[in-house]
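Dock chain B against the given chain A, drawing on the hints supplied.
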Amino acid sequence: MIGEWLAGLIAAFARGLTGATVQWVDCRPAATQRVYFANHTSHLDFAVLWSVLPRELRSLVRPVAAKDYWSSGFRKELAVNVFHAVLIERRARQTKDKSAEHDSAQQPAAERSPVEHSLIEHAMDDLLQALGEKNSLIIFPEGTRGTGEVIAPFKSGIYHLWRHRPDVEFVPVYLANLNRVLPKGEFLPIPIISRVIFGPPLQLEAHESKESFIRKAHQAICTLRDL
Amino acid sequence: MIAKLDHQMLWIFAALLAVLLVSSIIGFILSRTAQSEGGKATVKNLNARIIAWWKMCGIFALTLLIRPHGSILLFALISFLALREYISLIRTTRADHNTLFWSFFVITPLQYWLLYIHWYGLFVALIPVYAFLFIPLRLVLEGDTSGFLDRAARIHWGLMICVYCISYAPALVILDIPGHSQDPKLLLFLVIVVQLSDVFQYVWGKMLGKSKIAPHVSPNKTWEGFVGGILCATAVGTGLWWMTPFSRLQACAMSLLITLLGFAGGLVMSAIKRDRSVKDFGSTIEGHGGILDRLDSVCFSAPIFFHLTRFFFT
Chain A
1 MIGEWLAGLI AAFARGLTGA TVQWVDCRPA ATQRVYFANH TSHLDFAVLW SVLPRELRSL
61 VRPVAAKDYW SSGFRKELAV NVFHAVLIER RARQTKDKSA EHDSAQQPAA ERSPVEHSLI
121 EHAMDDLLQA LGEKNSLIIF PEGTRGTGEV IAPFKSGIYH LWRHRPDVEF VPVYLANLNR
181 VLPKGEFLPI PIISRVIFGP PLQLEAHESK ESFIRKAHQA ICTLRDL
Chain B
228 MIAKLDHQML WIFAALLAVL LVSSIIGFIL SRTAQSEGGK ATVKNLNARI IAWWKMCGIF
288 ALTLLIRPHG SILLFALISF LALREYISLI RTTRADHNTL FWSFFVITPL QYWLLYIHWY
348 GLFVALIPVY AFLFIPLRLV LEGDTSGFLD RAARIHWGLM ICVYCISYAP ALVILDIPGH
408 SQDPKLLLFL VIVVQLSDVF QYVWGKMLGK SKIAPHVSPN KTWEGFVGGI LCATAVGTGL
468 WWMTPFSRLQ ACAMSLLITL LGFAGGLVMS AIKRDRSVKD FGSTIEGHGG ILDRLDSVCF
528 SAPIFFHLTR FFFT
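Chains A and B, in that order, give the protein sequences. Take the first sequence: its position 166, counted from the start at 1, is 166 in the working numbering, and no numbers get skipped. Take the second sequence: its position 226, counted from the start at 1, is 453 in the working numbering, and no numbers get skipped.
Just chain A, same shape as in the assembly (with noise of 0.2 Å):
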């Protein structure tokens, strides 16, 4: 109760801050079952997105956020309590440097060590129990926070989830001006009029290749920045 007031404060505050402005190009809200996946720039991309929602949309969907970076003290309070976040293991962040990071992604799945593997299967588990039968998730195919100045490359956990639901609907949404509220590894908001749009959702084939999945997504959220 107190979780789901806390959670309407801070995205009424998100929202006030940035005075985020919402665009839906060929793409309705509705409660159908959807993966909403962006850009992410800034700790208030979650917020913003969520709060632009329509308010009985929004307790049917929950962010997927990193389990090594918001699994202590308060904000896990904030992550699991307020938002009801998924949170999911970073692949391998233990084992492998930033470079070998992006390169796994390219990895047939026979090459990867077998904790690696089961790391996957896990976060995968976490995922589709959480997307239920009902639920709609929120996920950052970069992996972290960029500059804004470049989409990065996805992370192929966006193709894997598609395979084991093809059912859902997976909407592109851009949020333009966030890494200008609030940059990675700043404690201080500004207030800067940011957007969000959302996209329509992605056209795919029954056996779309894993790049052809990761070409076509980043491509829906470049096509929304350039509109």
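Hint data in this document are derived by calculation from the structure and do not stem from the laboratory. Any given hint could be a false lead.
Distance ranges between label pairs, derived from CB positions [said to hold, decoys possible]: (1) A:Phe74 - B:Ala241: 51 to 57 Å; (2) B:Phe538 - A:Val25: 50 to 56 Å; (3) B:Phe332 - A:Gln219: 35 to 41 Å; (4) A:Phe13 - B:Val333: 17 to 23 Å; (5) B:Ala498 - A:Phe13: 31 to 37 Å; (6) A:Glu133 - B:Ala498: 52 to 58 Å; (7) A:Val25 - B:Tyr347: 47 to 53 Å; (8) A:Ile2 - B:Phe359: 54 to 60 Å; (9) B:Tyr347 - A:Glu149: 43 to 49 Å; (10) B:Glu264 - A:Glu169: 54 to 60 Å.
Bear in mind the structure is a predicted one, so any value in this text is a computation, not a measurement. We treat Cβ as the ideally placed atom computed from N, Cα and C, and that holds for glycine.
Chain B only, in chain A's frame:
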């Protein structure tokens, strides 16, 4: 502290109400008679503007009654939102972040707090002197020197226009004029003349506008709108001499000056919008665009009007 409603204020409010009612009726009739697609769009925008005028007049009138703090609070909020529109539109970099935080959350409130405590000396110097020196200093501490002068100038210019210039409007309320001490009617006079000038320019431009006055800067501004608007607004301003410390002739000269400065403000702010390839600064006020689109004329007229009045009448 609610002000006693004097007879003059009552008359002005009644007149404003009448003007709004008449324009709403005209807007309604036009919406029934418009035929062409272009005409319908214009009338739709006109009616959105009229509805927004109702709201703006309501809020402004209410805050005038809570004097002098109501106006100070209202314009502080307006400055904050105007600065947000301006900063959102221009290019800023990551290294500007902390300086912008200071601008929004320290310098802007401080400027209005100085008004609140009537510290005139610092009020006129805070942004032109102290903020002017502080901004480049805070920027240089970030260690990023690329485009340094551009960045410092952009931020300072925004503070000057959106905060410093706009804060002169509520400053009128704290002017010590013999017989008009702390009188909100001077602020009311400025806002009525400036905004009516915009409205008359729009109306004359829509009805008779042919020859463009600055086609590259502001394609909607015409000579017909300019002359008709300035003359009508000056006439109304002259007719309102009784609510000011001015004689009829002085009120006429002041009104003319205010309207000309207002036009200049509109032109300058349009140049910024064209440079950034946008039509409006924002979408806060339906039909009008952003707060800065509505207040561009006040930015230019308020400081000059304030200083002239202060110089000659206090």
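Item to check | Ala241 (chain B) and Phe74 (chain A) - C-beta distance against the hinted 51 to 57 Å | outcome: 56 Å, holds
Next on the checklist: Just to be sure I understand the hint, the distance between the Cβ atoms of Phe538 (chain B) and Val25 (chain A) should be within 50 to 56 Å; is that true here?
Outcome noted: For Val25 (chain A) against Phe538 (chain B), whose Cβ atoms are near 55 Å apart, the range 50 to 56 Å holds.
Checklist entry - Is 35 to 41 Å a correct range for the gap between the Cβ atoms of Phe332 (chain B) and Gln219 (chain A)? => result 39 Å, holds
Item to check | Pairwise beta carbon distance, Glu133 (chain A) to Ala498 (chain B), judged against the given window 52 to 58 Å | outcome: For Glu133 (chain A) and Ala498 (chain B) the Cβ distance comes to about 56 Å; the hint holds.
Item to check | C-beta pair Tyr347 (chain B), Glu149 (chain A): status relative to the range 43 to 49 Å that was hinted | outcome: Taking Cβ atoms as reference, Tyr347 (chain B) and Glu149 (chain A) lie about 45 Å apart, which means the hint holds.
Next on the checklist: A range of 54 to 60 Å was offered for this pair. Does it hold for the Cβ distance of Ile2 (chain A) and Phe359 (chain B)?
Outcome noted: 46 Å, violated
Item to check | Satisfaction of the hinted span 17 to 23 Å by the C-beta atoms belonging to Phe13 (chain A) and Val333 (chain B) | outcome: 19 Å, holds
Checklist entry - Does the Cβ-Cβ separation between Val25 (chain A) and Tyr347 (chain B) fall within 47 to 53 Å? => result With a Cβ separation near 51 Å, Val25 (chain A) and Tyr347 (chain B) satisfy 47 to 53 Å, so the hint holds.
Next on the checklist: Is 54 to 60 Å respected by the C-beta to C-beta distance linking Glu264 (chain B) and Glu169 (chain A)?
Outcome noted: Violated, at about 36 Å.
Item to check | Whether the CB-CB distance between Ala498 (chain B) and Phe13 (chain A) falls inside 31 to 37 Å | outcome: Given range 31 to 37 Å: holds, Cβ gap about 35 Å.
Going down the numbered hints, you'll see the structure goes against 8 and 10, while the others check out.
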